[in-house]
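Use the sequences and the hints to build the structure in full.
Spelled out from the first residue to the last, the chains are:
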Amino acid sequence: MNALMIKALAFAAVLIIATLVVVKQMNIDLSDPINMITMLGAVAIAVLTFGVAAKYVNQMKTDKAEGELTEENWDGIGEYKNELPSGWAYSFLGTLIWAMWYWTAGYPLNAFSQIGMWNEEVKAYNAKFEEAHKNADNTTLQQMGESVFLVQCAPCHGETGDGLSGKAQDFGTRMSKEQILYTIENGADQLGYELGAMPPMMAQGEDAKAIAEYIAGGMKGEQPAAFAACASCHGADGQGNSGMSPNLVAYDEAVVSHTLQHGKKGQIGKMPSFKTMLTPVQEKALAVYIQSLSNKE
Amino acid sequence: MFHWLEKNPFFFAVGVFVVIAFAGLIEILPNFAEASRPVVGLKPYTVLELAGKNIYKKDHCIACHSQLIRPFKAETDRYGQYSLSGEYAYDRPFLWGSKRTGPDLHRVGNYRTTDWHENHMWDPKSVVPQSIMPAYKHYFTNIADIETAYAEAVTVKKVFRTPYGDEFKPTKEAWEAHKPSVLAEAKAIVDDMKNKDVKEAVANGQIPEIVALIAYLNRLK
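One line per chain: the protein sequences are A and B, in this order. Counting along the first sequence from 1, when you hit position 9 you're at 9 in my numbering, and nothing is skipped either side. Counting along the second sequence from 1, when you hit position 142 you're at 142 in my numbering, and nothing is skipped either side.
The hints are simulated quantities; they were obtained by calculation from the structure and are not laboratory data. Misleading hints may appear alongside valid ones.
Stated by the list, open to error - Here are some of the chain A residues that sit facing chain B, going by a computed Cβ distance under 8 Å: (1) 114; (2) 115; (3) 118; (4) 159; (5) 163.
Said to hold, decoys possible - Heads up, simulated BS3-like pairs for lysine-lysine below, C-alpha to C-alpha not over 30 Å straight-line: (6) B/157 x A/264; (7) B/73 x B/187; (8) A/284 x B/221; (9) A/270 x B/157; (10) A/265 x B/137; (11) B/187 x A/270; (12) B/137 x A/270; (13) B/43 x A/275; (14) A/275 x B/58; (15) B/187 x B/157; (16) A/275 x B/221; (17) B/73 x A/275; (18) A/123 x B/99; (19) A/270 x B/196.
The beta-carbon is built from N, C-alpha and C at its ideal position, and this holds for glycine as well.
This is the structure:
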């Protein structure tokens, strides 16, 4: 090893030490692979820069010109016929093999896909979310419901859930008299309950009015006789036979999730379906939050 | 041959260009052709929807609203399924936008309704109290230019082979024959609206801008 090489290595060593000092001073976490690779890269640059420079300076000083010249000659500057360096030759063969792999398997099967990344991310997140909130308590659900409500429901139902003076369902009450009369008159078959469609005109005239007043009043007081027509599906207590048909008294989980899944067009207007927009836990949370809105009074 | 190329820099440059251009083309073209094909079930815009799209362009809704849901969880949670390039196959031009002062609208038809748009365009603060969107009351009186929209449909059919039916022809008779179906579409939207002037205008065979714009927004899903 000559003096030049020693000088070069000394320079490289100074740079490496400087790098290590920076790493130490800035408390850089080397267990992070990005930091580790960056540091190794800095070291490699230091060694290569001074090593390669030293090699060529050395070669210029000591090499003697000999060998067979090629036939080209540019203004007196010639070129020796040299064998291709073996490193280059092997790299070239390597790239040929890599190209075959890349064409047949690499690009088609392993290419980066943002959609694929989204799929994995969402799948992992949803699994984690379901797991974390499997047995969520009411407070958590209510808070979650409120944030979902403010993003997805508030634009139509209003931030307080009051339906913005009749522009959408008012969650302060279950149903108004007009809504009940409309449903009795037109029937209902949109929410996909197990008991199926409600035929129009199950009750008429004064009977319908009596039913509407009774349900809109929260089913308190004496039950009108005509309510028997409703009770066969909605239950004598109007609570929907444990989820077989809509609950007339409260926003239970079944009403909220059926409405979110199917959407509906009623007396006020149309509500679009939110199918695929919400997870089951979020639907449950919304039900809890909406119940809390109607229980305020 | 390489010795010859070394002595002829011009042809060397041409050779380099050909090799790199070829490699570029075979990487780019297949994906590009695949992605720009319309997604299954995509229908071209109806004349009324095109008229609405022209209002969207005219009033530059794109300045505040994007129409591109990126495949990030935060976006798909709020706006729904991420957008695919094939969904824009009949958008000329596409209205992706790059600014979200307001929310993304690419799937607004999934979660807003005709009556909501009616309330919102009349007075945005009546439904979203913090909204900074201006009111667009003139949409309720201005009449939409459906003739131009029809001409656009006929043009893109001829120039880009957008699959409009055979009845789309560049003649006055063809337009007169098509007009009732545009009015019927407008009628279906107006049935969900409350504004009396708009209802009256449509009954008289005129389509206010609000109706065309709602047709377009409802179509975005």
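Hint by hint, here is what the structure shows:
no.: 1; hint: 114; verdict: holds, 5 Å
no.: 2; hint: 115; verdict: holds, 5 Å
no.: 3; hint: 118; verdict: holds, 4 Å
no.: 4; hint: 159; verdict: holds, 7 Å
no.: 5; hint: 163; verdict: violated, 11 Å
no.: 6; hint: B/157 x A/264; verdict: violated, 37 Å
no.: 7; hint: B/73 x B/187; verdict: violated, 38 Å
no.: 8; hint: A/284 x B/221; verdict: holds, 26 Å
no.: 9; hint: A/270 x B/157; verdict: violated, 34 Å
no.: 10; hint: A/265 x B/137; verdict: holds, 26 Å
no.: 11; hint: B/187 x A/270; verdict: holds, 16 Å
no.: 12; hint: B/137 x A/270; verdict: holds, 23 Å
no.: 13; hint: B/43 x A/275; verdict: holds, 22 Å
no.: 14; hint: A/275 x B/58; verdict: violated, 33 Å
no.: 15; hint: B/187 x B/157; verdict: holds, 26 Å
no.: 16; hint: A/275 x B/221; verdict: holds, 13 Å
no.: 17; hint: B/73 x A/275; verdict: holds, 17 Å
no.: 18; hint: A/123 x B/99; verdict: holds, 29 Å
no.: 19; hint: A/270 x B/196; verdict: holds, 19 Å
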